[in-house]
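Q: Residues per chain, in single letters:
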Amino acid sequence: MSDAVEVTLRAVGVLAAFLVLPLLVGQTEHKVMAHMQGRLGPMYAGGFHGWAQLVADGVKFVQKEDITPAAADRRIFRFAPAVALVPYLVALAAIPLSPDVVAADLPASAVFVLAATAVGILGTLMAGWASANKYSLLGAMRAAAQLLSYELPMVLAVASVCLAAGSLSLSGIAAAWSPWWLVFQLPGAVVFLVAAVAELQRPPFDMPVADSEIVFGAYTEYTGLRFAFFLLGEYAGIVVMSLLFAVLYLGGWRGLFSDQLGWLWTLLKGFCIAVVVIWLRVAWPRLREDQLQRLAWLVLVPLALAQLAITGVWVVTTA
Amino acid sequence: MSQQAKKPGGIGIPGILKGLATTARTMSKPAHTAEYPDAPPHLPPRSRGVIALLEENCTSCMLCARECPDWCIYIDSHKETIPATTPGGRERQRNVLDRFAIDFSLCMYCGICIEVCPFDALHWSPEFEYAELDIRDLLHEKDRLGQWMPTVPPPSALDEHSAEAAEIGATTRPGRLVRTTPARPPASRATPAGQQAESAPDTAPETPPETAPETGE
Numbered sequence: 001m002s003d004a005v006e007v008t009l010r011a012v013g014v015l016a017a018f019l020v021l022p023l024l025v026g027q028t029e030h031k032v033m034a035h036m037q038g039r040l041g042p043m044y045a046g047g048f049h050g051w052a053q054l055v056a057d058g059v060k061f062v063q064k065e066d067i068t069p070a071a072a073d074r075r076i077f078r079f080a081p082a083v084a085l086v087p088y089l090v091a092l093a094a095i096p097l098s099p100d101v102v103a104a105d106l107p108a109s110a111v112f113v114l115a116a117t118a119v120g121i122l123g124t125l126m127a128g129w130a131s132a133n134k135y136s137l138l139g140a141m142r143a144a145a146q147l148l149s150y151e152l153p154m155v156l157a158v159a160s161v162c163l164a165a166g167s168l169s170l171s172g173i174a175a176a177w178s179p180w181w182l183v184f185q186l187p188g189a190v191v192f193l194v195a196a197v198a199e200l201q202r203p204p205f206d207m208p209v210a211d212s213e214i215v216f217g218a219y220t221e222y223t224g225l226r227f228a229f230f231l232l233g234e235y236a237g238i239v240v241m242s243l244l245f246a247v248l249y250l251g252g253w254r255g256l257f258s259d260q261l262g263w264l265w266t267l268l269k270g271f272c273i274a275v276v277v278i279w280l281r282v283a284w285p286r287l288r289e290d291q292l293q294r295l296a297w298l299v300l301v302p303l304a305l306a307q308l309a310i311t312g313v314w315v316v317t318t319a
Numbered sequence: 001m002s003q004q005a006k007k008p009g010g011i012g013i014p015g016i017l018k019g020l021a022t023t024a025r026t027m028s029k030p031a032h033t034a035e036y037p038d039a040p041p042h043l044p045p046r047s048r049g050v051i052a053l054l055e056e057n058c059t060s061c062m063l064c065a066r067e068c069p070d071w072c073i074y075i076d077s078h079k080e081t082i083p084a085t086t087p088g089g090r091e092r093q094r095n096v097l098d099r100f101a102i103d104f105s106l107c108m109y110c111g112i113c114i115e116v117c118p119f120d121a122l123h124w125s126p127e128f129e130y131a132e133l134d135i136r137d138l139l140h141e142k143d144r145l146g147q148w149m150p151t152v153p154p155p156s157a158l159d160e161h162s163a164e165a166a167e168i169g170a171t172t173r174p175g176r177l178v179r180t181t182p183a184r185p186p187a188s189r190a191t192p193a194g195q196q197a198e199s200a201p202d203t204a205p206e207t208p209p210e211t212a213p214e215t216g217e
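Chains as they are written, first to last, in the UniProt record's numbering: chain A, 1 to 319; chain B, 1 to 217.
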């Protein structure tokens with residue numbers, strides 16, 4: 001009985017984090033992007049500096065009509081937003097905020113989280129295929145190509161960290177982390193961050209939803225709540241990737257008062273990474289499709305392989 | 001990115017970092033946003049918000065209505081007879097303005113009506129908050145146009161070294177010198193010898209410099 005209660009509590013906790021953190025990131029994006037462009041951003045919703053803007057957006061999305069195109073593959077079309085959203089919820093459950101604050105402590109959580117986040121792209125693919133719209137299909141194909149090219153450097157970068165730590169568990173990796181890794185694993189960290197931004201289809205890697213070329217990619221035909229789920233999935237993805245980066249490369253909960261405030265450190269570090277992801281969106285223009293592939297295969301993959309080799313040599317010599 | 005790095009004149013990666021620096025610098029500065037409904041906007045002097053009518057100055061001469069490029073000024077008037085002020089004098093007539101309306105759904109704010117008005121009855125007002133929900137409500141009659149008159153700013157001061165306004169110059173300048181040649185106009189046709197001799201000393205100092213170069217050639 002107590003097991004069931006504990007499972008329920010953990011699930012509710014993860015769900016609460018899943019619903020709150022993406023909104024926090026979204027609101028941060030509104031404000032940071034606005035100020036980087038010399039604007040103020042939302043100022044009215046909720047009173048204080050528009051803090052309730054995304055809540056208001058959610059209410060608006062709920063009120064919109066939910067349209068399914070006549071030619072669409074109805075069941076898959078309606079199911080796709082869940083496929084895009086739920087993997088990030090699952091991944092969030094396996095990311096430790098501190099050795100104690102983790103919903104599901106898995107032995108190979110690094111592999112698990114990477115696998116779960118890669119499933120999210122399937123939602124985009126399903127949406128694009130089922131929409132019966134050429135722009136949606138183009139967007140979905142671009143998303144698939146992007147996933148294929150960027151999953152490899154990402155996995156290689158994470159493999160390098162796992163090798164250095166001698167553990168596949170995120171808790172173990174953060175426990176084995178030392179500040180020297182900031183330099184030692186820097187190429188891998190850069191590769192991971194670039195690949196994460198690309199996998200989230202965030203600018204400058206947003207060709208799958210490039211609105212000036214293919215309307216809105218795989219999400220063109222979506223309206224109302226289902227469209228909001230895709231957007232929520234994007235911001236949940238930022239949360240997951242930022243926390244993952246914080247745990248893998250920034251030592252997670254390591255810091256002052258880490259015994260009491262460990263989980264706060266992880267959240268803070270993850271938030272900083274999320275701000276960097278937002279910053280990249282504001283500062284850089286979108287890459288072209290061929291530039292994207294060139295970057296992945298000619299820059300990121302060799303870099304990640306070199307990082308893996310260096311780590312391997314280091315592990316062998318120190319062991 | 002590797003391709004981009006080569007393109008913009010060899011600045012490459014620094015160019016990308018410059019983009020990040022620019023956005024970060026912008027974020028550290030205060031925003032440019034003017035929170036209009038909460039904060040009054042800063043309007044430049046002589047801004048063209050709406051056209052105000054000073055009804056007392058209008059003589060219903062119709063110049064504005066006729067010069068208006070899109071015919072958005074409507075004027076109705078009638079003539080009123082003023083009885084003679086002195087016994088046996090002449091009765092006079094003057095125009096009385098019945099209706100003066102500007103259709104701001106047609107007006108293109110060119111300001112020609114204000115320019116052509118000979119009596120300064122039309123003025124630019126900076127007031128701009130007169131939006132309506134129905135386009136037909138933008139036809140404003142003379143009482144509404146008159147309400148904007150208090151918002152008209154005083155004319156801007158002249159530049160420091162500019163010539164003084166013609167009206168002021170006319171009143172402050174000393175009166176024109178009265179020439180002591182009462183019989184001159186008739187003298188233009190028939191010139192008595194005595195008067196010509198009298199005017200000769202005036203013109204004499206001017207002629208030598210003019211003629212001197214010519215004689216030299």
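A hint or two may mislead.
Pulled a few chain B residues facing chain A out of the computed Cβ check, cut under 8 Å [stated by the list, open to error]: (1) Gly15; (2) Thr23; (3) His32; (4) Gln147; (5) Ser156; (6) Glu160; (7) Leu177; (8) Val178.
Derived DMTMM-like pairs: lysine to aspartate or glutamate, alpha-carbon spacing no greater than 25 Å straight-line [what the hints assert, rightly or not]: (9) B:Lys18 x A:Glu65; (10) B:Lys79 x B:Asp120; (11) B:Lys142 x B:Asp159; (12) B:Lys18 x A:Asp100; (13) B:Lys18 x A:Glu289; (14) A:Lys134 x A:Glu213; (15) A:Lys134 x A:Asp3; (16) B:Lys142 x B:Glu35; (17) B:Lys142 x B:Glu160; (18) A:Lys60 x A:Asp290; (19) A:Lys60 x B:Glu35; (20) A:Lys134 x A:Asp57.
Derived from the structure by calculation, the hints contain no laboratory data.
Think of the CB as a built atom: it goes at the ideal place given N, C-alpha and C, for glycine as much as any other residue.
Q: Hints first: check each against the structure and report whether it holds.
A: Hints and how they fare:
1. Gly15: Hint on glycine 15 of chain B: violated, closest Cβ of chain A at ~10 Å, above 8 Å.
2. Thr23: holds, 4 Å
3. His32: Where the cut-off is 8 Å and the nearest Cβ of chain A is about 5 Å from histidine 32 of chain B, the hint holds.
4. Gln147: Violated - the Cβ of glutamine 147 of chain B stays beyond 8 Å from chain A, reaching only about 31 Å at its closest.
5. Ser156: Given a least distance of 31 Å, the restraint on serine 156 of chain B is violated.
6. Glu160: violated, 36 Å
7. Leu177: At 64 Å from the nearest chain A Cβ, leucine 177 of chain B fails the 8 Å test, so the hint is violated.
8. Val178: violated, 68 Å
9. B:Lys18 x A:Glu65: Measuring from Cα to Cα gives roughly 43 Å; hence the hint is violated.
10. B:Lys79 x B:Asp120: With a Cα-Cα distance of about 21 Å, the restraint between lysine 79 of chain B and aspartate 120 of chain B holds, given a limit of 25 Å.
11. B:Lys142 x B:Asp159: Violated. Lysine 142 of chain B to aspartate 159 of chain B sits at ~34 Å, over the 25 Å cutoff.
12. B:Lys18 x A:Asp100: violated, 42 Å
13. B:Lys18 x A:Glu289: Holds, at roughly 23 Å.
14. A:Lys134 x A:Glu213: holds, 12 Å
15. A:Lys134 x A:Asp3: Violated, at about 49 Å.
16. B:Lys142 x B:Glu35: violated, 33 Å
17. B:Lys142 x B:Glu160: violated, 37 Å
18. A:Lys60 x A:Asp290: violated, 37 Å
19. A:Lys60 x B:Glu35: holds, 24 Å
20. A:Lys134 x A:Asp57: Since the Cα atoms of lysine 134 of chain A and aspartate 57 of chain A sit roughly 28 Å apart, the hinted pair is violated (cutoff 25 Å).
The earlier numbered hints that this structure contradicts are 1, 4, 5, 6, 7, 8, 9, 11, 12, 15, 16, 17, 18, 20.
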